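We have chain P already, so just place chain V on it with the hints.
Here the protein sequences come in this chain order: P and V. Residue numbers for the first sequence follow our numbering, beginning at 236 and rising by one. Residue numbers for the second sequence follow our numbering, beginning at 698 and rising by one.
There is no bait here: all hints are sound.
Stretch-level coverage of chain V by chain P, calculated; a stretch enters the list once three of its residues show a Cβ under 8 Å from a Cβ in chain P: (1) 769-780; (2) 795-807.
Estimated spans, in silico, between C-beta atoms of each pair: (3) P:A459 to V:S912: 40 to 46 Å; (4) P:D362 to V:T950: 42 to 48 Å; (5) V:E896 to P:G366: 43 to 49 Å.
Hints are computed from structural coordinates only; laboratory data are not their basis. Keep in mind the model is a prediction, meaning the values are calculated, not measured. All C-beta atoms, glycine included, are put in the ideal place defined by N, C-alpha and C.
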Amino acid sequence: MTHLSAPGKRPGAAVGPAGEERPGATATGGHRWFPAGRGELVERLFAVQSLFALLLVFVLAVVVSPRRDGEIIFLSTENLGNVVRAVSEIGIIAVGMTFVVLLGGIDLSVGAILGLSAVGTATLMVDSGFGIVAAVTVVLLIGALFGALQGYATARLGIQSFIVTLAGLQVARGLARIWSGGLGIPIAYGDGPQEAPAAFEILNGSINGVVPVPAVLFVGIGVAAIVVLRKTAFARHVYAIGGNEKAARLSGVPVLRVKVAVFAIAGLLAAVAGVIHAGQLNQGSPNDGAGYELDAIAAVVIGGTSLAGGTGSMGGTLAGALLLGILNNILALNNIDANVQLLIKGLVIVAAAGLQKLRRSIV
Amino acid sequence: MRTRPVLLALLCTGALVSSVACSVEKPSDGDAAAPNCGAGRDFLIGMSQANNAEPYRQVMNNDVQTAAAGVPGFTVVVADAAQDNSKQVADVENFLTQRVDLLIISPNEAKPLTAVVQKAYDRGVPVIVLDRKVEGEAYTAFIGGDNVAIGRAAGEFYAGTLLPDGGKVIEISGLPGSTPAAERAQGFREGIAGNPEIEIVASQPGDWLRDKGQSVADALLKTHPDAAAVYAHNDPMAEGAYLAAKAAGLHTTVKFTGIDALPVPSGGIKAVEQGRLAATFQYATGGREAVDLARRILVDCSTDVPRTTTLGTMQITSENAAETYARLGGVS
Chain P
236 MTHLSAPGKR
246 PGAAVGPAGE
256 ERPGATATGG
266 HRWFPAGRGE
276 LVERLFAVQS
286 LFALLLVFVL
296 AVVVSPRRDG
306 EIIFLSTENL
316 GNVVRAVSEI
326 GIIAVGMTFV
336 VLLGGIDLSV
346 GAILGLSAVG
356 TATLMVDSGF
366 GIVAAVTVVL
376 LIGALFGALQ
386 GYATARLGIQ
396 SFIVTLAGLQ
406 VARGLARIWS
416 GGLGIPIAYG
426 DGPQEAPAAF
436 EILNGSINGV
446 VPVPAVLFVG
456 IGVAAIVVLR
466 KTAFARHVYA
476 IGGNEKAARL
486 SGVPVLRVKV
496 AVFAIAGLLA
506 AVAGVIHAGQ
516 LNQGSPNDGA
526 GYELDAIAAV
536 VIGGTSLAGG
546 TGSMGGTLAG
556 ALLLGILNNI
566 LALNNIDANV
576 QLLIKGLVIV
586 AAAGLQKLRR
596 SIV
Chain V
698 MRTRPVLLAL
708 LCTGALVSSV
718 ACSVEKPSDG
728 DAAAPNCGAG
738 RDFLIGMSQA
748 NNAEPYRQVM
758 NNDVQTAAAG
768 VPGFTVVVAD
778 AAQDNSKQVA
788 DVENFLTQRV
798 DLLIISPNEA
808 KPLTAVVQKA
818 YDRGVPVIVL
828 DRKVEGEAYT
838 AFIGGDNVAI
848 GRAAGEFYAG
858 TLLPDGGKVI
868 EISGLPGSTP
878 AAERAQGFRE
888 GIAGNPEIEI
898 VASQPGDWLR
908 DKGQSVADAL
918 LKTHPDAAAV
928 YAHNDPMAEG
938 AYLAAKAAGL
948 HTTVKFTGID
958 ALPVPSGGIK
968 AVEQGRLAAT
978 FQYATGGREA
988 VDLARRILVD
998 CSTDVPRTTT
1008 LGTMQITSEN
1018 AAETYARLGG
1028 VS
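Extracted from the complex, chain P is given alone in its bound form:
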């Protein structure tokens, strides 16, 4: 299943320091702006495929949006606010998932970690009387630690990440159910003994009454992740391990440390999403987040990151998450039957993966 072509084996393209293909780069390290030939043009197009697709879906949404009194419902403040808010949790999880997938792994436990962290946030604030900062810190630490343990298991013990995180999914779900006693923990706000600090309610609100707070967090985390993935040595190591782990290890990349860190990031971000989730629903329920990992993987795949590892970008994932959010929204606004919606979303994911395959065979 490992992709056979190592990066940089295409004529006309050179390998950048982060291991991605760079169309237009000459072998001597210069950069040509104009594509020199069909192969490179296609490569360029595919490089921004996810953004292109996002713009396409956005335009499509505007075109097919129902209208009321001449106003395009899709573009209304309220609706766009709903779209970005609905996308935020999956988007944040997808950011963490991108790191894992770039490594050549997969993390199936993120949905369960979301549930665990939602329960933790609710329980600590309501039952144990923690303040917001203390509760959130503990919960984030739990998420990061859980992820780190999974990373260690897959790196040191050599168990495939699919299996480790599948087990992690069950463990996290079980822990969430035990911690909460199986029921959702309602969050009431106030100063009383069984109440959470009112400031936590900000997660359910919006800035200026317009931009939802979770969306701001999503964009902030996304931008930070883009920067990390482009600038840091850590990111280069991630791409290297994903591209060819043996070669990376032999070149001195600290594979164990990087893997543990990557899974810890995924767990941490899933915990962040869980805190937001509890704030949005005023409840920490152990059953929440079921299936979210699949939506996150879909966003990563649509964003152009290969499940085999080694190539991909964070910007692509953000575009993929937004694309899925817009798709969900226009299907709902146009009252497409729920079952047909599932069909369409599945086809979109297959199409995205197919395009990726096409890219490799054309260029």
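Okay, now just chain V, sitting in the frame of chain P:
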């Protein structure tokens, strides 16, 4: 360095977020104004359903749609949350964006949906809550069965008729966090209090689903092979438990009861008729009543509809199963 695609990505995200902040919107009228109503008009009704995968909810949807087809001008759109609270919140918000004239909702869980239902209610959209409750008072009307009474009726059936000499009972409960589950459990315990020989030895959630009920019953029947009966909170879970017992060879010694009694070929009444369930208790969907209330609010402009409508129940055993099925309009 490929900065251009990254910049494009940032631009796109920024464009999306700033278009949220700056989009021009015509001032919408009648957001929290007097409800629009009257005869001879078209109305859009949004129905937010908790989980289409449950047969009970499928029948509820059908009841609503069939009843709405009989009211000229009514269009009903059904959204399925698939047991995900976040999805159901998003469904209701999409309905609000579409400016539905009335919202019918059967919430997945009470607490997470309370805020968004209140939002709809505060906007002047009439809200009819079906079957499961939300917290607080921010809704127009609630239609549902009395789950405590149903549980109690079941308990009394066990105490007096099914296990008059006592015995061990396994309980398979509904989704924790949904009000019917808590109420059916509570009522049952009240009902069996009259017979101290009856003991609930185990209680596990089957989440209202047949497959979950089956796997849970598998485990519980292994732990308690001497159980006399299984009290399931709905018919699909009872049927699942029956299948589990059949696999263990216990289906002739253990008795099963459910709740719902849907008049459909795969429903509880048929199961009683065919001998798999000892009894089931009717839990009407309230779909027809909801549309009737909607008609009164939207077409007749009535402002005082009953706040709470409690649907009655009845006990179905092998004696009245066939006749009840026909009477409720079941197709053979």
